[in-house]
Amino acid sequence: MSFRLETGGRLIDRAAPLDFAFDGQDCTGFAGDTLAAALLANDRVMVARSFKYHRPRGAVAAGAEEPNALVGLGQGARFEPNQRATTTELFQGLVAESQNRFPSLAFDIGALNARLARVLPAGFYYKTFLWPRAFWKHVYEPVIRQSAGLGRAPTDPDADRYEHFHAHVDLLVVGGGVAGLQAALVAGRAGAQVLLIEQTAHWGGRAPVDGVQIDGKPADAWIKSALQELKDMDNVSLRTRTQGAGVYDHGYALAHERLTDHAPDTPGPRHRLWKIRARQIVTATGAIERPLAFPGNDVPGVMLAGAVRDYVVNWAVAPGARTVIVTNNDDAYRTALALLDAGLAVPAILDARAVADGPLVQAARARGVRVLTDRAVVKVKGKTRVTGVGIGNAGGIGLPVESIACDAVAMSGGWSPVVHLWSHCGGKLVWDEARAMFRPDAARAPGGQDGQPFVLAAGAANGALAAGACQADAGRAGAAAAAALGLAANAKAAVARAEDEAPMQPIWIMPGRAGPDLRMKMFLDYQNDVKVSDVQLAAREGYESVEHTKRYTTLGMATDQGKLSNINGLAVLADSLGTTIPQVGTTTFRPPYTPLTMGAIAGEARGEIFQPLRRTPMQDWHEDHNAAFEPVGQWRRPYCYPQPGELREAAVYREVSNTRRNVGLLDASTLGKLLVQGPDAGKFLDLVYTNMMSTLKPGRCRYGLMCSENGFLMDDGVVARLSEDAFVCHTTSGGADHVHQHLEEWLQTEWWDLKVHVVNLTEQFAQVAVVGPKARVLLERLGGMDLSKEALSFMWWSEGTLAGIPARVFRISFSGELSFEVAVPAGQGRAFWDACLAAGADLGVMPYGTEALHIMRAEKGFVMIGDETDGTVIPQDLGLDWAVSKKKDDFIGKRAQQRPHMVDPERWKLVGLETLDGSVLPDGAYALDKGQTANGQRNTQGRVTSTYFSPTLGRGIAMGLVRHGPDRMGEVIEFARLDGPPQPARIVSPVFYDPEGEKQNV
Amino acid sequence: MLILTCPYCGVAADETELAPGGQAHLTRQGPGADSAAFEAYLFHRKNPKGVHFERWRHAHGCGKWFHAARDTVTLQVFGTYPAQSLTPPDTILKAIAATYPGFEWEGEA
Amino acid sequence: MSDPHTPMIAQIAQAPAQGMITLRGALSARKIAAAARAVAGVAMPGPLECRFDGARGIGWMSPDEALILLPRQDVAEALASLQKALVGVHATVVDVSDARAVFRVTGPHAREVLAKLSPADLSPAAFGPGAMRRTRLAQVPVAIWAEGDGAFSLICFRSVAVYVGALLAEAAQPGGAVGYFPSGA
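Protein chains in written order, with my numbering: chain A, 21 to 1022; chain B, 32 to 140; chain C, 17 to 201.
Extracted from the complex, chain A is given alone in its bound form:
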């Protein structure tokens, strides 16, 4: 059984007991516990079921590398799946549940998979579910989806808040163990601006657990004084509970700070994602212990030796009363000593090496521990927890020579430096044969914008595993970082000492000559249930690349990212392929180091501020008057204004009819308004519009087309000449920023000799389109300007005051009606809108939305950017040849419009379309042609670009692009429908309403 020790526990506060619940069972722990420690203290060894085989699992580690002990944490809007119990700090009232089991952890139907393990090897799904083909969609996929995924997704919106923070530092030190502290001290003393982050709530890492002495004092004492010195430096910032999640190009790093996970009711954000720009980064991320691959190495109670030591020393938790230790190195003997110090039994230490006589080994022997060399675990007894082990020869086939009863196994396969952050941004590794580990290759460090290395590994993360070497290496790294920053630093580190260790001996499977049955029980990747046999199968089936093997077997995927599984898996693969580990290489280490919450990634961007929504000066009015909105870029424009009880469709038709009969108001503030000014403004506009703008007279307006350099229509709008050297260019609502950038780009990068300024005045003005036969009457009532036909003809503009508000009135029309577009200062836009409504009340004035706008322009055959155009359409396709100057030597897109495909007479051209029965054609429908394509699909000869029911005409109207369309007036062609037979429609003129333009020229 696992239990709490009577004394000890350097991280817990026995005066502060905490209640929590696991799978509905009440438990208690202490402040300072992790959930994993507290569960062990309550004799909960088995805490999860594995992903694929649903095998019983317990915590195998004590930190971020934990693959098994993932739980669902919290409830309701605070529920979160897949939380590592080993990094979850206990708090009063914590509620957790086990995962991947049904109906309960103890009795799990999915555990049937474990019985089937023999027939569920790597690649099973790929091989099995190929045939019959039709089964995939209706049988295999639904079943697999049901069992896919670990944990269940929360159903409620997240109740917590999250945020980002941007920090710019000289030096980021990741890892607050003794190496990180030392590196920060050295660089901080040299004057560098340092940010030191530590993923746990505690500084100092494992040194205190490992009995390290620093400067002649216990590690804890040195850590305390180092921290104090760092806190006293103004140029050093310290953050606990902050994990270095990823390192990216040019010194960019992400860190994930968990602010309130340990105290959920604290005000403020739950997590903070730090976006750090560091000139130098030191990774002092320590090392992770490797499991040993012996049969049954996943039974709850089998743990990493270092983790067993952590539980005993940090939290005074005994994973078992009797712990067998199995190792290939001296470090695991520290666990034996720690267990003995705590009064626990160590029935045996199984050392795979032929000889074990280092100082730590001797210390264990001296305390009476039975040390057996050349021995292996060949069997683990127990299903939901360890009850004993069978031992045999390390190099044998697995015949047990002895059984030892125990309730915990502490294993150690040696230590691997945590090279994730080093590798994220391209840092390369070297294989250290003597210590069987990959460590950072300082000669191939990630390079920054200046081409110089910007990441330094320090301490154990750099392969300096021994205490003395680790401390010295961290001092060196801190000084090297300072030097790279141009600061003189003293690299001298504190002197750290621990017992010397004899060399370890790589052991990749245990026992060495185990047969297939045993290899099926040796787990390499606990989280993904990948066994030695799976990797060997992959090798036999021809997977030679480690990246392919990873994907075939799922080794090292998901949150493991190679933390526990990597080296053992690579070694087994190398052995199977008859090659070496460095030849096989590692898989790619990808950020984040451990998963980030989605909330932290989103930061503030949720709810109302998920994205910026642009508001016109009249937006409040629209909202107050029940407008139905549609997105246009980041604007939300009124689509229509339904009256009480009115359907949207009816509202749209009412708005069209009223505008054509009386007068309508459109909030056109979103239209782009670019001031183009300077002595060369006319010349410039001649280059950016297809038509001639330099000949426009001040006071007049002209409709213009803008193309991209590849000739395609990009934007359109009315240009008004304000004076000899100034124009206002109107753009589409969605196109204002893009067109502004387009103009700036050409001015800055091609025609920088032109004297032209462009100022985006879109937001300076509110713009109201006053449209309809009674528009003039309405505006004249406002007073201040003569808007008679004589004073302001069609396609002229005028400046003055309306209703006391400064106004620029453009006599332009996008509806075919008498129409004035009035621009007023944005701050007075609402007042002007209100004034129009008041003045026109008895004229029947009503606002209209974008759908009425669309219908009215379609009735007139006016094209709409984004409907008639899609980035492949040139003005000539739309019958707009009249707006493409033949006189100009050059304009953007001119040369492209001369390309053979652009002048091809077979191009589809704009026509009007009307159905024979008055119904509405489907939007985007293709016009069918005779015959089939090479792919057996029906040939097409055109498509619908705009289609509406016209309330004015009482039938469907449409525009489309049709091959030779303008030459085929009156011809009936067929359009494909998704539901039903093709629909016939007649090719007609696109101008359905008032073709002579009598309505707008009054």
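Check each hint, because a few of them may be wrong.
Below 20 Å or equal to it, Euclidean Cα-Cα: the simulated EDC-like pairs (lysine to aspartate or glutamate) are [what the hints assert, rightly or not]:
#, chain 1, residue 1, chain 2, residue 2
1, B, K77, A, E729
2, A, K244, A, D254
3, A, K775, A, E744
4, A, K775, A, E764
5, C, K47, C, E93
6, C, K100, C, E81
7, C, K47, C, E81
8, A, K703, A, E770
9, A, K950, A, D987
10, A, K775, C, E81
11, A, K147, A, E561
12, A, K907, A, D700
13, B, K80, A, D470
14, A, K251, A, D240
15, B, K125, A, D470
16, A, K448, A, E567
17, A, K448, B, D102
18, B, K77, B, E137
19, A, K906, A, E729
20, B, K77, B, E135
21, A, K908, B, D65
22, A, K448, A, D461
23, C, K100, A, E744
24, A, K950, A, E926
25, B, K80, A, D269
26, B, K80, B, D102
27, C, K100, A, D745
If we take Cβ atoms under 10 Å as the criterion, some of the chain A residues that face chain B in the derived model are [claimed, not checked]:
#, residue
28, G467
29, G468
30, G471
31, Q768
32, T769
33, E770
34, D909
35, F911
36, Q918
37, P920
To be clear, the hints were calculated from the coordinates, so they are not data collected in a lab. We put the CB at the ideal spot given by N, CA and C, even for glycine.
Let chain A serve as the given structure and place chains B and C on it in line with the hints.
Same frame as chain A, but now just chains B and C:
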């Protein structure tokens, strides 16, 4: 996540403050250009593994277009310079040659 | 959302109508600098600077753009004066008072509130009084300048004023002090 220093305002701008603009030093081909030259101008872009001259705009900043000489493999930035430059400055060519001995600029495309 | 017992970590206020004139042209040209100085009362600032004298000032927006700030009621007169002074000079002056919104962020953690939302280096060393930067605030462009008293001003486009106000308020929620920049810096 690159950092490029805008040569106009001197800000070491975060990549999220910048907008990319593709290959730099293209010579515009307008009316009168033959088909091959126009095709090359419109469609053909270099995609080198190594030194690349690029256009960027300090979009969330001073709004100016500039050029950057950058190594697409190591992400080393050899320098940035105004977009109104027909050739990269000598200092930048020298910086490139320090990393790639014998490097010579190919000239405008 | 906010706990009445825990204060906001900074105060956010949208400034009342602010007069603003965009001046485009060669900022170092003698005539242009003199014309700007005549209406703003301060010399043309250098790159990434702003200068103020009371209610008037100039912010450097780009090598050929300055933003003149002045009381709203003085805009028309200033525009006329600038236009008169710049006859024959390639320069553009235009009233943009209605195009933008101005926020003031004050309080001990004002700098941190901004650093939550902008990738710019806003540390006291890099962004002291008189510094001005155009950058990104979450998803929209803004210009920020640091005032002498530890307060910051920020301008954005008018259409996103509600968004920017909500962003700043969110970043200033109680309990959100980062404790990274010295308080009040």
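Going through the hints against the structure:
1. B:K77 to A:E729: 19 Å, holds
2. A:K244 to A:D254: 18 Å, holds
3. A:K775 to A:E744: 14 Å, holds
4. A:K775 to A:E764: Distance ~12 Å between A:K775 and A:E764 Cα, so the pair holds.
5. C:K47 to C:E93: Measuring from Cα to Cα gives roughly 18 Å; hence the hint holds.
6. C:K100 to C:E81: The given pair, whose Cα atoms are some 19 Å apart, holds under the 20 Å limit.
7. C:K47 to C:E81: 15 Å, holds
8. A:K703 to A:E770: Satisfied, since the Cα-Cα distance of roughly 14 Å is no more than 20 Å.
9. A:K950 to A:D987: 18 Å, holds
10. A:K775 to C:E81: Holds, at roughly 14 Å.
11. A:K147 to A:E561: 12 Å, holds
12. A:K907 to A:D700: 19 Å, holds
13. B:K80 to A:D470: Holds. B:K80 to A:D470 sits at ~18 Å (cutoff 20 Å).
14. A:K251 to A:D240: Holds. A:K251 to A:D240 sits at ~16 Å (cutoff 20 Å).
15. B:K125 to A:D470: 14 Å, holds
16. A:K448 to A:E567: Within the cut-off at roughly 16 Å; holds.
17. A:K448 to B:D102: Given pair A:K448, B:D102 holds - Cα atoms ~18 Å apart, limit 20 Å.
18. B:K77 to B:E137: 11 Å, holds
19. A:K906 to A:E729: 17 Å, holds
20. B:K77 to B:E135: Since the Cα atoms of B:K77 and B:E135 sit roughly 16 Å apart, the hinted pair holds (cutoff 20 Å).
21. A:K908 to B:D65: 18 Å, holds
22. A:K448 to A:D461: 6 Å, holds
23. C:K100 to A:E744: Holds, because 17 Å separates the two Cα atoms, which is no more than 20 Å.
24. A:K950 to A:E926: 15 Å, holds
25. B:K80 to A:D269: 17 Å, holds
26. B:K80 to B:D102: The given pair, whose Cα atoms are some 8 Å apart, holds under the 20 Å limit.
27. C:K100 to A:D745: Distance of about 16 Å is within 20 Å: holds.
28. G467: 5 Å, holds
29. G468: 8 Å, holds
30. G471: Where the cut-off is 10 Å and the nearest Cβ of chain B is about 4 Å from A:G471, the hint holds.
31. Q768: This interface hint holds because 5 Å falls under the 10 Å limit.
32. T769: 5 Å, holds
33. E770: Since the shortest Cβ distance to chain B is 6 Å, the answer is holds.
34. D909: 6 Å, holds
35. F911: Because about 9 Å separates A:F911 from the closest Cβ in chain B, which is inside the 10 Å limit, the hint holds.
36. Q918: Nearest chain B Cβ about 7 Å off; hint holds.
37. P920: Since chain B brings a Cβ to about 8 Å from A:P920, closer than 10 Å, the hint holds.
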